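Peer 1: I would like the entire structure built from these sequences, with the hints used as guidance.
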Amino acid sequence: GAGVSQTPSNKVTEKGKYVELRCDPISGHTALYWYRQSLGQGPEFLIYFQGTGAADDSGLPNDRFFAVRPEGSVSTLKIQRTERGDSAVYLCASSTNRMGDTQYFGPGTRLTVL
Amino acid sequence: AQKVTQAQTEISVVEKEDVTLDCVYETRDTTYYLFWYKQPPSGELVFLIRRNSFDEQNEISGRYSWNFQKSTSSFNFTITASQVVDSAVYFCALTGGGNKLTFGTGTQLKVEL
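Heads up: the protein sequence lines correspond to chains A and B, in order. Position in the first sequence counted from 1, then plus 21, gives you this note's numbering. Position in the second sequence counted from 1, then plus 1365, gives you this note's numbering.
The set of hints was computed from the structure by calculation and includes no laboratory data. A hint or two may mislead.
[Said to hold, decoys possible] For the chain A half of the interface with chain B, some residues (derived, Cβ under 10 Å), not all of them: (1) G24; (2) Q58; (3) G63; (4) P64; (5) F66; (6) Q71; (7) D77; (8) A114; (9) N118; (10) M120; (11) G121; (12) D122; (13) Y125; (14) P128; (15) R131.
[Said to hold, decoys possible] Non-contacting residues of chain A with respect to chain B, defined by C-beta distances greater than 12 Å in every case (computed): (16) V33; (17) K38; (18) S94; (19) Q101; (20) T133; (21) V134.
[Unchecked claim] If you want the footprint, here are the derived chain B segments under chain A, 3+ residues with CB under 8 Å: (22) 1399-1409; (23) 1456-1470.
For clarity, every value in this text was computed on a predicted model and none was experimentally measured. A virtual CB, placed ideally from N, CA and C, is assigned to each residue, including glycine.
Peer 2: Laid out in structure tokens, this is it:
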């Protein structure tokens, strides 16, 4: 079946602009995760949804970052007033809601803030 | 807090050599799950294996094998008879009760002819 998809694959924006990154999880997966990966580092957790609600948003770096999942499927990560330090690959993953279940990752969105 | 350490930043081997990638973890959870992912140059994270804290059996899948030792908090990954296609960054990751994954910094494996 189809895996996790993310759009766009690349996004270039100017400092101070607003961006939205989209994630479409594997069908039937109720859990959805956002991670951020900087060059040469492992992915870092941002936020986790169980259904429509954010079960853990402890990884969001500040209030410029926000994510929604209104119908419990597709999720959008929103970044306001982007800064150069936001440049990274943003990864989305999904899984079933069983504890410790495998998270399957999408191809990521490479965000570049000029 | 949870932590995953992959002390080997980069390893280079010649094709057909065996190679072991080390992973050491820290957690206070009694139930936890360990993972290995592969990230080839294309960038997508590919799931390799999942192991829960109650199952210390070693696992073999083709040329891949994993050694989980709770006594040393290690979950090492061995590739036998490495191939050029194994060249990638390999990540070890850990999750406890909260589901979010904590990743190590990764090991870049280069397999040369």
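Peer 1: Of all the hints numbered above, which does this structure not satisfy? Sort the numbers upward.
Peer 2: No hint contradicted; all consistent.
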